[in-house]
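Enquirer: Read top to bottom, the protein sequences are chains E and R. The first sequence begins at 30 in the working numbering and counts up by one. The second sequence begins at 596 in the working numbering and counts up by one.
The reader is advised that the hints may include incorrect statements.
[Said to hold, decoys possible] To give a feel for the contact side, a few chain R residues facing chain E, derived at Cβ under 7 Å:
1) H604
2) R606
3) H748
4) E765
5) G814
6) R848
7) L1208
8) E1237
9) V1241
10) D1272
11) S1275
12) I1280
[As the list claims (entries may be wrong)] Using 27 Å as the maximum straight-line C-alpha spacing, the simulated DSSO-like pairs for lysine-lysine come out as follows:
13) E:K373 to E:K444
14) R:K741 to R:K1187
15) R:K1187 to R:K952
16) E:K484 to R:K1326
17) E:K484 to R:K1338
18) R:K979 to R:K1187
Source of the hints: derived by calculation from the structure; they are not laboratory data. Glycine included, C-beta positions come from ideal geometry on N, C-alpha and C.
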Amino acid sequence: MAAGIAFILNDQEVDTALPAGTALVDFIRADQRLTGTRVGCREGDCGACTVLLGTPAGGRVRYRAVVSCLFPLADAAGRHVVTVEGLNPEAPNASGLTPVQQAFVSEGASQCGFCTPGLVVSLTAFLLEDPGLESDDAVTAIEGNVCRCTGYVSIRRAVERLLRELRPPLLGASARLPALIGLGVVPAYFAGIAARLRAQQPQALVRKNAVAVAMAGGTDLYVQRGPELAAQELRLLSRQEGFAAIWPAADRIHIGAAAPISDLMESRLLTAALPQLPGFLRLVSSTQIRNRATVGGNIVNASPIGDLSVMLLALDAAIGLRSLRPGGRIRQMKLRDFFLGYKKLDLRPGEVVAWLSIPLPGNGSRFHFEKVARRRHQDIASVNTAIGLDCDNDRIVTAHVAAGGVAPVPLFLKKAAAFLAGREVSSSVVREFITVAESEIAPISDVRGAAAYKKALLRRLLFAHFLELFPGRLGAGDLP
Amino acid sequence: MKQNDVFFHGRGETLFVDDLATFSGLLHAAVLPSPLAHGRIRRLDVAAAARRPGVAAVFTARDIPGDNQIGGIILDEPLLADNEVHYAGQPVALVVAGTARQARQALAAIVLEIEELPALLDPRQAAARGLLIAPPRAFVLGDVDKAWPLCAHVVRGRVDSGGQEHVYLETQAAVAVPGEKDSLRVISATQSPSAVQRIIARVLGLPMSQVAVEVYRLGGAFGGKEDQATAWAVLAALAARALRRPVKLVLERREDMRFTGKRHPYSSDFAIGLDGTGRILAYEVTFYQNAGAAADLSTAILERTLFHAGNSYRIPNVRASGISCRTNLPPFTAFRGFGGPQAMFVLEAALFQAAEKMGLAPAELQRRNLLAEGDELPYGQKVKNCRAQRCFDEAVAAFDLDAGRERVRAFNQANAFCKKGLALMPVCFGISFTSSHLNQAGALVHVYTDGSVSVSTGAVEMGQGVNSKILLVAARTLGIASRRLRMESTCTRRVANTSPTAASTGADLNGKAVERACLEIRGRLLEVAAAALSRDSVAGLELRQESVYLAGKKTDLTWEKLVPAAYMARVNLSAQAHYATPGIHFDRTREKGEPFAYHVYGTALVEATIDGLRGTATVDSVRAVHDAGSSLNPLVDRGQAEGGIVQGIGWMTLEELLYAGDGQLLTDTLSTYKIPDIRSAPPEIEVRFLEDAANPAAVLNSKAVGEPPFMYGIGAYFALLAALRAFRPHKPLPFSSPLTNEKILAWLEEE
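Pulled out of the complex, with its shape left as it was, chain E reads as follows (with noise of 0.2 Å):
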């Protein structure tokens, strides 16, 4: 057994006893001196810290960009962390710069440089998975890196610069990794990784004796606690059997709760049922985020504006909920039953959320999602709202809607939902379902926005579900 957490951080194995929360850039930067991972914000919101994440995964690494700033030092294990410093070009080297590296510093598209590093080990993360290389695909990769001094403009150049480089080349290859080793996107160590982490010792997950705070992706908690999880022991749920998993099950598809949102997008059983579903995950946090943010975090932070939680409510979610303690039982109900009152839950002592789980659509249902934020991408919403129909033709059969930001809870709008129930869809139903809508609702004025605004916001955003699933039904003048 390894003596404490133990990894490989760029080609170096480490082996550390900090405590299992310690946050994994302040491992990097502290402990290893690796200070070309930058703290620009410590919530995730920035990208600067953006690490490699290698995970094994069928005989080869799966990599993905994380945020170190957000990421327990305790989940690390058996895996590879690889910084900026990890991806340079490995003495003698011509030009001294990995390709995506040159291509930041013949476009210009690196000023103060404080936010470079993470750039580059973004889009390193989006050259080595990422199967399409499209442009715009790159652009989402890097959505989490914010820069305050190019406008972005020099970067996307750099982004097309280096696709015309790479993306023929890479397209061809039979194997990405030696394909990127032979461009020296990554150094050839690379190679040898996937062999190193299977030789690695196994770990023990929590101390002997520790109290541990349970985790999945950590991305919230950690800026809710973040000191305070510093000095903490973890029991890491994504760990956990089957807690990571998305299965089918009957007519329903489970979503374990510490699956991450990116599994999500990437599942064929989910976006074979829901096709639309990426490109609305889209809309939540940053790839960075995505990677480790997950359904089960979002559901228990309870957020009264969390995306997922509008959406799953909508899609008429079922939760399982597991007692840790050893023989728990699996308690389940509706996720609408879920939510209690701001910030509470149905969640008693020693439970976690094991599992989501949803209806497999039929051929008459619809679904959509819409949100409004300050920010469109990698931002809170003011007002987000999900509709989940079952239709015959133009007749709704049954109908889900759910609003975040209008109510101490992601709300289900019970009453609106009901009203659809046997309706055709035309302007003057759409009118009366916001009026039943307006009438459950309770917004109050925050940061997010004014309640006045968030009425008329989800009043607008009712109607634009009907819009997007019926058109040609309804026009401008429709609009109540």
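Place chain R on chain E using the hints.
Expert: The following block gives chain R in isolation, referenced to the frame of chain E:
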């Protein structure tokens, strides 16, 4: 390549303050801020905090050996609050401990009792109560009172613009290291090393010669580290000197956002009068500047507001008044544009409303009033080498305004829910510090016997590329490859009495100083060459491409031979030089003079879309014709223009500071204060540099570039207004920035 920061940026090897190799015995500091915006300190007891684990000491105002005063222009700002607190976030005490975490944990053990006093947040209310930072000022040209009766159209109104948080990605940081004989070395993330040095000396009661301030680079600054980096460096120095240990102070993001000043919010009243043909006859404006609780740079910023009240337009009668108002918010400070953007926003709002009243396109009014050669500005300077009309006309032609209008019209006709709008934004921005004495710089150049060269200046690199420009000036002047050159850190021991790297003047001033130092060394080297080549004089000798040339022909005397030969001949291979911008002056008693070495011109065309259902805004594109002179480094200048534009758009549309009624900042994190990300920044930004635009007034015919492009972003506001206008043809529009999604929806909703 490897002498440029950017190479090391890519590899993650450049060092910011918090990245520096750890100092032996390093202690960490944390600041206790005032929780209230206004009050009297009744009790401050740090004894319990001093006993907390790891704590080395706790400092309050009583522990300051010299003056508890960090004010720059006006002495009105204590380092640590004494008796009273004037804003939430004002430093009250400093805890120093073994780790930053221990220091922050111990803050909670400090007993601070404050008797709360009413907080005043509104500049107009402050002005009404006479709470001013300095007496009001007014710039006057002609006589507006005589002009009003001649005007065919007069429009009056009020315009508000919000503040703006800098969000430099590197937060405020400093490390102070005590040295022998009572000296201190302070590594600070500041734009103003000499100001930090002066104020450390003042607060600690030391001569300035005992204090060395050094800056490697800044992770962004944008004005936010001109005055506002000082307090943290002084606090670290205070602790380091008392404890005789190195002390580091790095603000966390939330602390930085709560403690430090931002761009000034303004509230302004205007009246504009035009004749029947749309020529501006008179413009009267009063700017109420929200200065916050202390002067900081507010008076200088207000002055620049007055200088730019007329932007790029010829206005024969002007009365521009400025009132700097004291409120209970953190002292507002420099931010790219330095009061200029606030002024230009008001005038553009006035023109927009006048155009609507006259039934003209705003662009038409703009065009009819552009500055021409020899026009007099409200402060008495006459414009020289005026390029206002050239930039405007080239923008209209190059970006085909007519076709754009037709495309937008067709789009608006075809779309019920989405509407587009276009706006032009001309900019004229004066270059020089308006405090004339600051327009000086020093440089120190050493040539070593192996031919390598070290260059020190007073300029601070913060991503604006000043070092790459200076390097180019040195390489061209000495006639050698840039790989031989090394840009040194900025250190008050090598270059003294530096002006802040600010006002877009970093390359102009320091580049000139370096040019002079290099010319001196070159002159000496050519004397050596003349002797080596047995020539009577240096006539016909040149240094270029690493060799001495005689009458245009390359000789065998290379740089690598020449330099050791000079050393053997006991020739001085070092030079210190100084540059002071010639010809500038300003008389504040008359408010007239020639404060600027020259002006930068340009015009941008902005296109924006509003989703009228969801009430959301998108800035689609910005295209600008910009006057960069003969650009020293087009890649750098393009980057400055693009980055400035997006910051300007952020200020106008997205970035909103929200305060509670008691003066607490509500948007104190990056999750609540949103700056442009790659998706919200316009995907299309095109910057065309004006051709044949040499500028004899600056180094190698270049022009300053840092600030002017920021103001192209103002066009985004008016492009959005044009889009709103397409929804409702007659409803009064809002003139209060930022034009957020919430404000857009409120306008669409209102009856």
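Enquirer: Run the structure past the numbered hints and jot down the numbers of the failing ones, going up.
Expert: 3, 15
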